[in-house]
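Engineer: Chains as they are written, first to last, in numbering that gives the first Met the number 0: chain A, 0 to 327; chain B, 0 to 320; chain C, 0 to 301.
Everything labelled a hint here was simulated from the structure, so no lab data went into it. No experiment lies behind these values; they were computed from the predicted model shown. Careful, some of the hints might be misleading.
Claimed, not checked - The calculated DSS-like cross-link candidates involving lysine-lysine, where the alpha carbons are at most 30 Å apart (straight line), are:
1) B:K132 to C:K36
2) C:K36 to B:K86
3) B:K40 to B:K92
4) C:K188 to B:K92
5) B:K29 to C:K202
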Amino acid sequence: MLLEVNHLKTDFKLKHGIVHAVDDISFSLEKGEILAIVGESGSGKSVTSLSIMRLLQEPGHIAGGEILFKGEDLLKKSKTEMQTVRGDQISMIFQEPMTSLNPVYRIKDQIMESIMTHMKLSPKEALERTIHMLDIVGIPSPKERANDYPHQMSGGMRQRVMTAMALSCRPELLIADEPTTALDVTIQAQILDLLYHMREKFNMAVLLITHDLGVVSEAADRVIVMYCGKIVEEAEVKSLFANPMHPYTLGLLHSIPRLEDESDEPLYMIKGMVPDPLHMPDGCPFSDRCDKCMERCRKSMPELIEKDGHKVRCFLYETEKEEAQDYE
Amino acid sequence: MSEVLIEVKNLAKYFNMENDFFGRPVSVLKAVDDVSFQIHKGEAFGLVGESGCGKTTIGKMLVNLYTPTRGQILFEGTDLTSLSAEKRRAFCKNIQLIFQDPYASLNPRMTIGDIIAEPIKINKLLPKDQIEKRVTYLLNCVGLANHQRNRYPHEFSGGQRQRVGIARALAVEPKLIVCDEPVSALDVSIQAQVLNLLDDLKAEFGLTYLFIAHGLNVVKHISDRVGVMYLGKLVEIAPKKELYSNPLHPYTQALLSAIPSVDPTKRKERIILTGDVPSPINPPEGCRFCSRCYKKTDGCDGAEPVLKEVSPGHFVACCLY
Amino acid sequence: MKQIKTKQTQVPSQAAAVLEKPESQLKEMWEALRENKAAVVGLVIILFLMLVALLGPLIMPYDPDFSDMTKSFIHPCAQHWFGTDQLGRDIFSRIISGTRISLTVGLSAVAISLTVGVILGSIAGYRGGKADTIIMRIMDMMLAIPSILLAIAFMAALGKGIDKAVIAIGLVSIPEYARIVRGCILSVKENDYVQAARVIGNKSSRIIFKHILPNVMSSIVVRATLGISTAVLDTAALGFLGLGVQPPAAEWGDMLGRARGFIFTAPYTLIFPGIAITITVLAFNLLGDGLRDALDPKSRKN
């Protein structure tokens, strides 16, 4: 098991109260696996990735749990120890390539910096490796383009540069936070393709954070659906799309306008909005918006239960036996 | 076919990026280059393309945010480009715009009631005592409650702010609304709400839409006809069903192919275009898609292809046809 | 207009509860300001000075212009708290009188700079092009000359007197406001809501005043507050040089200037006007700094 997250809790202390951005989540990731975390604003998916990398800033802080990477708890590591882990063993690419690259340094300098920090290479060797990485990610004329500044490149190219930088030290885990959201659809296809190839070539695990179910369907092996800081469903991708269990997942899948959809009917909508994190309802956070809400849903939080490798957090799936146990 | 509401003829917009010492332009960004199309009354015309294709620039020229470099915009027969500044401003009562970013398009210091009332006030459409009632009506039309009219934008979510933007656009009772990527900044579950709202409003008020988007799947739901743009030019126009079932231009085919399918059993063979979208600054001569085209033939070098009607209502600009 | 049956849901009740009280920007700003002790001190001093200026004639023990040569150079004592000057005039009364003058000149001069600067900066920022170039080059020329010299030059052209001093000091500071406003307009102009204002049919002037300037106000207010202290100093400087207020008017700088020779024999003739200038300038600076911190959303802890 490459990564094991156990009961992670991340809170934000705001003026008006505490927001439980990540509220007790647990999941694991195998070597070479692509796991997608899907959710919308307020789901806690980005905060999860930042927590794993320990890049959270005030007022956010990790309130509990453990993050085991290759058996070691990242939360117990010191700042300097984390610095050796980041970039080398765990790497990250962000949503906005323009703001993630330093505009005053050349591309090659930024990549070389990462290489030389983690590997004992001479500048000459580091440059060679940089050009090699740029080539692998598909930048044309890598030797010349390495001298460019970020603003001289398009969005798609910058995202590839970020990917090259993230992969330069051959990390075992890549966290990709909405890597294609800011990109055009044809470029998105290229980047997803690239991630797939990198996984094949280097047996690298990818934690893919996204709100786009289409991206999940194309790129991921397994998927976790998050809502208001909790995991509401977890399954293999084929399983999730063939048999979505949680009403939120169902709602999401139905409300996406699809190419294959021929009808002129109005799109399916999930009514209402994501609840205010400072005023979360009692019970299941989706209860307000759920078509199948029961009395029970408003009062208590369902547990995450497993059915044939498919996990879901919803009272609809609890058997009578489990219900009886609850009341004891 | 109903009458033509707005016709765009040989429309072009160039931006001078750099001038030499004498002020003559050295590099020119040809955002929109010789684009022509018509929108009929009551129809939703989808305009699709990726970044740099010029679709937003066209939208902005229609609402007088940009002045066309060349070409004409004919609204119900009147050439908007030949009007004086004041007369052109008066046309805002007919054409309105919904912005992409709900977080930036509302003045943070105005209540949403004032934001919606403003277009009515400055165009003197109603006497003062009737404005409040109209604002209440508009709020209800977009699914917001009257008691919220004194709130400020920052107190609302993205989806609600976008509804305020829609109400503002509706306030002057326009005939044409340009929707500039109205849902791309919203969460997926809210997108459906807003798209359905736009559909309902169109039916209810007999509106005409120019719906700008970068995703062919979003546009499909709401449009009657769709135009595809690439690097400042229109490369294909067709009725919706025709375009999606029988795309002719290689770029349209690639666009359709690139959209991830929400069905993992159908992980398809995708057409992956090589390279990036070229810069619209000093664009290449001839067919602009040539550098990335996977169906290139020898006949492609040379003259720029023009939009030709290949089957009824289906136009394409490609050497192959 | 038909009523449409909207299929959309209304805002759920819980979220509506959150949207109860609209918190106005002003209230937030005031709260932030209150926490800044230095700014509060500055504000209190300014209010005190304004009170003194308003009540002036009522609280002066003596007529500030009344000169009794037999009573010159009296050290500070019970009858004359600040002593008397070389012409036998009560310094305390003159300081109070000077408060009125300094505050009037300071506020009026800033009002002039602000108004003209905002108009010029708005035109330059919003229109751009030739108007921008012409206006900003003139502003640059003015900024190239040290403000005191420029003020003196204006005074030479306009003649002596307090009203001329107000105009001169006012003119001198125009470029700074023009620059700030132009910069703010340039950064705000491309925002979507400004474009939206154009789309719904606003005229340029209305866009500037209704949409752009209110969002730019904070920078202007800060600069204006600090500008008052500069104006007070400039007034004092001009007075010191004998250019501003004319005798026998009791202006602090003028008092300082005339008392130069007595620094060793009667230091109190210099100390009290000096302290008055210092406290006034300090108070406005403290308030201005506090306002800037309170209005800057980045420095406010959120």
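Engineer: Hint by hint, which ones does this structure get wrong, listed from lowest number up?
Structural biologist: 1, 2
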